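Visitor: Modelling step: build the complete structure from the supplied sequences, incorporating the hints.
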Amino acid sequence: MRASLCAARLCSSFATFASLAAVAALHTPAAHAANNDPVVLVHGFLGFGPEAFQSSGFKYWGGFNDLVAHMRGPNGEHRVFAASVGPVSSSWDRAAELYYQIKGGCVDYGSKHTARHAHDGAIQKPPGKCWTADPANNPENYPIALHPAWDAQHPVHLVGHSQGGQTIRLLIELLENGSPDVDEGGAELYLGGKLKWVKSVTTLATPHNGSSLREAMFGVMPLPVAPTEVAAPADAPPAPQAAPRQRPPQRGAKAAFWKQSVIDSVQWEMTPDGAKEFNKWVRTSPHVYYFSMANVATESGSYCCNETDRMLAPIQSVQYQYPRKDMAPLTKPYAGEYIVPSLFRPGMGSYTQFGAGRVRVDEAWFPNDGVVNTVSMKSPAGHPVREFDGTAVAGTWNFVATYRGHDHFDMVGWPRKEELTLPIYDNISKIIFAL
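Positions -33 to -1, 1 to 402 (mature numbering (1 follows the signal peptide of the UniProt record, and there is no 0)) are the ones given, in order, by the sequence shown.
By construction, these hints were calculated from the structure, which means they are not laboratory data. In this text the structure is predicted, and so the values were computed from the model without any measurement. It is possible that some hints are incorrect.
[To be verified] In silico lysine-lysine, DSSO-like type, Cα no more than 30 Å apart, as pairs: (1) K397 x K345; (2) K166 x K292; (3) K163 x K247; (4) K161 x K292; (5) K92 x K166; (6) K292 x K384; (7) K243 x K345; (8) K79 x K243; (9) K166 x K397.
[To be verified] So the derived label-pair ranges between C-beta atoms look like this: (10) K163 x Q286: 39 to 49 Å; (11) K92 x W248: 23 to 33 Å; (12) H121 x G322: 40 to 50 Å; (13) C271 x R46: 48 to 58 Å.
Glycine included, each C-beta is placed from N, C-alpha and C at the ideal position.
Guide: Listed below in structure tokens is the structure:
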């Protein structure tokens, strides 16, 4: 009997030890990370890289917090970088800059592409716009490339906010399939054949199918919103002075931005019609895991029961959307039934478009985050999409969640929104490092 009791206690102790070991294993980095591939974060329109606002400490990814450091982990176990691409450039130009920034080398925008779309002195190979892959041999003191070993055996995860998502998608198209013009003067990027260089893509508040914001404001295509009216946070510091080697002149900064004939520009690509053309040739790769996250910061009109400005409650209509009272002040005037101030010009919360040959913009487009319509964030129209159920599927968009009460800048933590933002990036890390 004593032997049986000892055996039972031994078994119980062993079971307890095994349980504790299993729990401990679940909390080790190895258990959480099926891979430890680098992560590159790509900012959106009017965004900036880590070299900007250093004196103030304000960051694109986190505002006055640091999402890059957060994703790296408490012991720096993950390699996470923030890229810096053209703030007002087209997605093609930004994709080229992103490629050389990760891999190393001097930016080449492609000979045929530049010849076709050149405006205001844009050139194929701007001098000084380079990143070195070899810090030991860098006489020009160029910035160091983020991941010079980048190839199919050393892939990356790419995370994009707003236009950053479209930039990433175009980069993958060029990597895998090359330029539609085939020959872009010999640059390696445009030759295609680079399969599996990107393991995953995660987009946040990306206008995959465009945004009605520009049309709502101007009533014609494809005129852009005045940049400082839309995308700057309420307490963002002033624009920095560029250091020659850190921030070479941005292509597109002097573009003929207001000409309707200019289609190699963000102001065209961010419209529903421009996004439709973009989605026709920028494919969803069968080799990549795609994840999308949406958000919304408007609510249906209600006399008594929503989180919008209560002063407007008596004139709200249940048919339309209105900005929550905590939406970023600079985007709130465009998000509701009418643009404020205006003579009853429809805002994003009520704007419709049914013109012949145009992308249909109906009531499904009314919910928005102040910059992008929520319906546009899920996936590119006509591309495969599914609800993410914990199992990732490559070659299709895995839609993760809609974050309610989050405006466009809450998704990157501006100005101090860690309680809203950190769980999003924890979720991203959990998903991508398990692939």
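Visitor: Does each hint hold? Answer for all of them.
Guide: Hint-by-hint comparison with the structure:
With a C-alpha separation of about 20 Å, the suggested pairing of K397 with K345 holds against the 30 Å cut-off. At most 30 Å may separate the alpha-carbon atoms for a hinted pair to count; K166 and K292 exceed this at roughly 39 Å. Between K163 and K247, the direct Cα distance comes to roughly 21 Å. Compliance with the 30 Å bound is thereby established for this hinted pair. With a C-alpha separation of about 47 Å, the suggested pairing of K161 with K292 is violated against the 30 Å cut-off.
For the given pair, K92 sits about 29 Å from K166 by alpha-carbon distance, which is consistent with the 30 Å threshold. Note on K292 and K384: the hinted pairing holds, with a Cα-Cα distance of about 15 Å set against a maximum of 30 Å. For the given pair, K243 sits about 14 Å from K345 by alpha-carbon distance, which is consistent with the 30 Å threshold. For the given pair, K79 sits about 23 Å from K243 by alpha-carbon distance, which is consistent with the 30 Å threshold.
Restraint check for K166 and K397: satisfied, since their Cα atoms lie roughly 14 Å apart, inside the 30 Å limit. In this structure the hint that K163 and Q286 lie 39 to 49 Å apart at CB holds, the actual value being about 47 Å. About 24 Å separates the C-beta atoms of K92 and W248, a value consistent with the hinted range of 23 to 33 Å. With their beta carbons about 47 Å apart, H121 and G322 fall inside the hinted range of 40 to 50 Å.
The given range of 48 to 58 Å is respected by C271 and R46, whose C-beta atoms sit roughly 50 Å from each other.
Checked against the numbered hints listed earlier, the structure breaks hints 2, 4; every other hint is satisfied.
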